[in-house]
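Trainee: Chains A and B are the protein sequences, given in the same order. So the first sequence is residues 1 to 214, counted in my numbering. So the second sequence is residues 1 to 214, counted in my numbering.
In short, the hints are calculated from the structure, not lab data. As the structure is a prediction and not an experimental result, all values here were calculated from the model. Built from N, CA and C at the ideal position, the CB exists for glycine as well. Any given hint might turn out to be false.
Stated by the list, open to error - A short, non-exhaustive set of chain B residues, derived as facing chain A with CB atoms under 7 angstroms: (1) Arg50; (2) Glu52; (3) Gly58; (4) Tyr62; (5) Arg65; (6) Asp66; (7) Tyr69; (8) Val200; (9) Phe210.
As the list claims (entries may be wrong) - Stretch by stretch, here's where chain B covers chain A in the computed footprint (C-beta under 8 angstroms, at least three residues): (10) 119-132; (11) 138-151; (12) 178-188.
Number of protein chains: 2
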Amino acid sequence: MTQRARVHCFTVTKDGFGTGEGQSLERPFGHGNPAELMSWIGATANWVNRTEPGGTRGLDDYIARDFTYNIGAEIMGRNKFGPVRGPWLDHEWQGWWGDEPPFHTPVFVLTHHPRPSFTLSDTTFHFLDATPHEALERAKAAADGRDVRIGGGVATVREFLDADLIDEMHIAVAPFELGSGGRLWESPDELTDRFHLERVPRPSGFVHHFFWRR
Amino acid sequence: MTQRARVHCFTVTKDGFGTGEGQSLERPFGHGNPAELMSWIGATANWVNRTEPGGTRGLDDYIARDFTYNIGAEIMGRNKFGPVRGPWLDHEWQGWWGDEPPFHTPVFVLTHHPRPSFTLSDTTFHFLDATPHEALERAKAAADGRDVRIGGGVATVREFLDADLIDEMHIAVAPFELGSGGRLWESPDELTDRFHLERVPRPSGFVHHFFWRR
Numbered sequence: 001m002t003q004r005a006r007v008h009c010f011t012v013t014k015d016g017f018g019t020g021e022g023q024s025l026e027r028p029f030g031h032g033n034p035a036e037l038m039s040w041i042g043a044t045a046n047w048v049n050r051t052e053p054g055g056t057r058g059l060d061d062y063i064a065r066d067f068t069y070n071i072g073a074e075i076m077g078r079n080k081f082g083p084v085r086g087p088w089l090d091h092e093w094q095g096w097w098g099d100e101p102p103f104h105t106p107v108f109v110l111t112h113h114p115r116p117s118f119t120l121s122d123t124t125f126h127f128l129d130a131t132p133h134e135a136l137e138r139a140k141a142a143a144d145g146r147d148v149r150i151g152g153g154v155a156t157v158r159e160f161l162d163a164d165l166i167d168e169m170h171i172a173v174a175p176f177e178l179g180s181g182g183r184l185w186e187s188p189d190e191l192t193d194r195f196h197l198e199r200v201p202r203p204s205g206f207v208h209h210f211f212w213r214r
Numbered sequence: 001m002t003q004r005a006r007v008h009c010f011t012v013t014k015d016g017f018g019t020g021e022g023q024s025l026e027r028p029f030g031h032g033n034p035a036e037l038m039s040w041i042g043a044t045a046n047w048v049n050r051t052e053p054g055g056t057r058g059l060d061d062y063i064a065r066d067f068t069y070n071i072g073a074e075i076m077g078r079n080k081f082g083p084v085r086g087p088w089l090d091h092e093w094q095g096w097w098g099d100e101p102p103f104h105t106p107v108f109v110l111t112h113h114p115r116p117s118f119t120l121s122d123t124t125f126h127f128l129d130a131t132p133h134e135a136l137e138r139a140k141a142a143a144d145g146r147d148v149r150i151g152g153g154v155a156t157v158r159e160f161l162d163a164d165l166i167d168e169m170h171i172a173v174a175p176f177e178l179g180s181g182g183r184l185w186e187s188p189d190e191l192t193d194r195f196h197l198e199r200v201p202r203p204s205g206f207v208h209h210f211f212w213r214r
């Protein structure tokens, strides 16, 4: 089986922004509201961050629980890992996710400022100063034959798209705009020369976009 | 985590039939055409019976590959297991699936004529003369904490519905009728007193029906 590079459950606004401006510890999505942006998945029973019972078990839940399907490693950008910029002053910051990160695989964090690997529960974070090609090679080797999730944020997904390294992508498009921030695209149609695109609109106003290589 | 009883990728015609009349070795779905009935899933990249590369990787593929998600055992009726009726004349028949059955878990076959268990690759078939309650208890014990798939055919799904043992169900409804055979329902709306129902129509004419308990 060929190992694939996949994007899953990544959400952007109608005008293509995945994060707002001014990311900080208090506002990981800058002026964007993550609860609003992620409301389609926050409502589902199998959402990785769900803490209370309940939640829907329809189509959105299938997509939510597919997050882990055949995934053996994740690559993320430093801005997904945390709000600190530039050289690390210390290594106290260990991500947004507490003691039980929802990845359960090796995670490779792209950064110009590598630091030692560390493990939280069954997730080990590695830090790489590498090109997308090099990072994907490392992640595939660590993925034990399974696929690699390109986890975001926007700049990282964009870098891997520009390097033509992504095989498959699910992007949820929200029914509202953000105006500025980190932008994935002007329009999803920019990608249809390389990818099949299937749109599945939901009653919530969100539209699932499924891309796979032509 | 509570173990759930789930139906997945089960397909019926517009008039509610899951199989036609006259099942035989040559025609496992009787006068129904399984290639036509299963065309929605046959087109997907992750269909368990796919032998050639290719296939779509949009929404239908997400549903196809969810077939194994958190499943630890399957329960099926004898008519899904094979075309033989009544007492076994011998034990030569080992299912429709060849040496590599697509289950990869214990499978419990409901029959009034039990026979010894056997293993093909990583699937072990057990034979039970049991009520739905008893069978579900056995399957849950074997599922190692994971869920149990109620695999069909129609009569088996119907029995588990009537015993109110099903937690979650995905049924694909085909855009054509079959007129007679094994019937799941007159209309999916019969179940909405007990289940949430979400309908997701596809360009192919198939309509996914997602049910989960109220």
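Trainee: Indicate, hint by hint, whether the structure satisfies it.
Mentor: Against the structure, the hints come out as follows:
{"no.": "1", "hint": "Arg50", "result": "violated (12 angstroms)"}
{"no.": "2", "hint": "Glu52", "result": "violated (14 angstroms)"}
{"no.": "3", "hint": "Gly58", "result": "holds (4 angstroms)"}
{"no.": "4", "hint": "Tyr62", "result": "holds (5 angstroms)"}
{"no.": "5", "hint": "Arg65", "result": "holds (6 angstroms)"}
{"no.": "6", "hint": "Asp66", "result": "holds (5 angstroms)"}
{"no.": "7", "hint": "Tyr69", "result": "holds (6 angstroms)"}
{"no.": "8", "hint": "Val200", "result": "holds (5 angstroms)"}
{"no.": "9", "hint": "Phe210", "result": "holds (4 angstroms)"}
{"no.": "10", "hint": "119-132", "result": "violated (count 0)"}
{"no.": "11", "hint": "138-151", "result": "violated (count 0)"}
{"no.": "12", "hint": "178-188", "result": "violated (count 0)"}
In this structure, the hints that do not hold are numbers 1, 2, 10, 11 and 12, in rising order.
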